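Enquirer: Chains as they are written, first to last, in the working numbering: chain Y, 52 to 142; chain R, 52 to 142; chain P, 52 to 142; chain W, 52 to 142.
Watch out, some of these pointers could steer you wrong.
The list treats identical chains as one, so a pair stands whether inside a single copy or across any two.
[To be verified] EDC-like mimics (lysine to aspartate or glutamate), calculated; alpha carbons at most 16 Å apart, straight line:
1) Lys122 / Asp88
2) Lys128 / Glu70
3) Lys128 / Glu110
4) Lys58 / Glu124
5) Lys122 / Asp64
6) Lys60 / Glu127
7) Lys128 / Glu118
8) Lys60 / Glu110
9) Lys60 / Asp83
10) Lys58 / Glu110
11) Lys59 / Glu110
12) Lys59 / Glu118
13) Lys59 / Glu131
14) Lys59 / Glu82
Derived from the structure by calculation, the hints contain no laboratory data.
Owing to the predicted nature of the structure, the values given are computational and were not obtained by experimental measurement.
4 protein chains.
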Amino acid sequence: MYGYAMKKKELQDRLRRIEGQIRGLQRMVDEDQYCVDVITQLNSATAALRAVGLGLLDEHVRHCVRESIEKGEGDEKVEELMSAVARFAGR
Amino acid sequence: MYGYAMKKKELQDRLRRIEGQIRGLQRMVDEDQYCVDVITQLNSATAALRAVGLGLLDEHVRHCVRESIEKGEGDEKVEELMSAVARFAGR
Amino acid sequence: MYGYAMKKKELQDRLRRIEGQIRGLQRMVDEDQYCVDVITQLNSATAALRAVGLGLLDEHVRHCVRESIEKGEGDEKVEELMSAVARFAGR
Amino acid sequence: MYGYAMKKKELQDRLRRIEGQIRGLQRMVDEDQYCVDVITQLNSATAALRAVGLGLLDEHVRHCVRESIEKGEGDEKVEELMSAVARFAGR
């Protein structure tokens with residue numbers, strides 16, 4: 052039901068799996084596997100990285116941004132958040 | 052210094068300019084202009100739309116999300132926000 | 052089965068529908084509709100624009116790039132194509 | 052002047068550097084570094100992965116697609132390419 056929150060343990064597990072995918076890519080390039088298959092595997096690693104990014108953004112809003120707002124000091128945090136979202140969304 | 056906040060008037064001006072860009076694209080297709088030039092123009096319209104999207108997200112965090120947090124009812128809003136960010140970021 | 056090719060007529064129909072979506076967005080902003088609903092509608096217009104972009108890229112590869120390759124003059128076209136793909140993919 | 056083509060050696064070097072960035076992310080999460088800094092580092096790894104993706108796409112167009120077109124068998128390859136571009140561009 053709530054898909055973005057990740058505990059530290061889950062973040063680490065996912066990052067380790069992504070590290071494995073990157074090593075898998077090195078193997079595929081080494082073995083001259085078909086480009087389209089390598090790109091498919093690369094897209095899957097990128098998607099996994101972006102899912103971790105959403106988990107981190109979620110964590111950030113849920114803790115840092117929320118606490119700043121509760122203390123009445125949210126402006127700067129909101130600005131920083133939007134800038135992180137913009138870079139994450141690729142612009 | 053703060054680049055995402057947009058007043059209603061600015062949102063409307065930008066949307067009107069994007070509407071003009073879309074009509075420009077129709078003209079370019081109609082006149083069989085070179086595909087790469089049409090794609091360049093289309094990328095520019097997409098970037099303008101996404102800038103408006105960031106303006107709307109900024110507005111949303113600054114008002115709806117912040118007010119919910121201040122009232123101690125932020126959980127649902129944060130969840131909704133992250134889902135909007137995920138779809139905006141294209142996944 | 053083949054989803055990206057678009058005839059000129061289809062490109063125009065889609066661009067006209069996108070123009071309508073942009074006007075819909077202006078109305079939503081004007082009526083102060085809920086930000087998340089406006090963002091959802093904006094994401095839908097962006098996705099429609101990108102589908103047109105893929106149609107244009109497909110057209111470009113199928114005609115301009117292919118013809119250049121057949122004439123043994125593909126290098127420059129491939130370079131131009133990759134630069135268009137890079138900008139389309141947002142980097 | 053031509054930025055996407057990558058030799059096998061360059062692909063491998065870049066993938067190894069990305070593997071290092073992923074391990075750096077694990078360290079940052081482990082040390083509870085500030086979320087926004089982790090996201091910034093993650094965006095940088097994603098951008099590096101996507102640059103490798105463009106290198107692979109370039110390679111693919113320059114060799115597989117071109118050869119198929121030269122043999123008069125380009126249709127299937129163009130279709131496969133557009134589908135790879137669509138997934139790479141995130142839709």
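Enquirer: Of the numbered hints stated earlier in the document, which are not met by this structure?
Expert: 1, 2, 4, 5, 6, 12, 13
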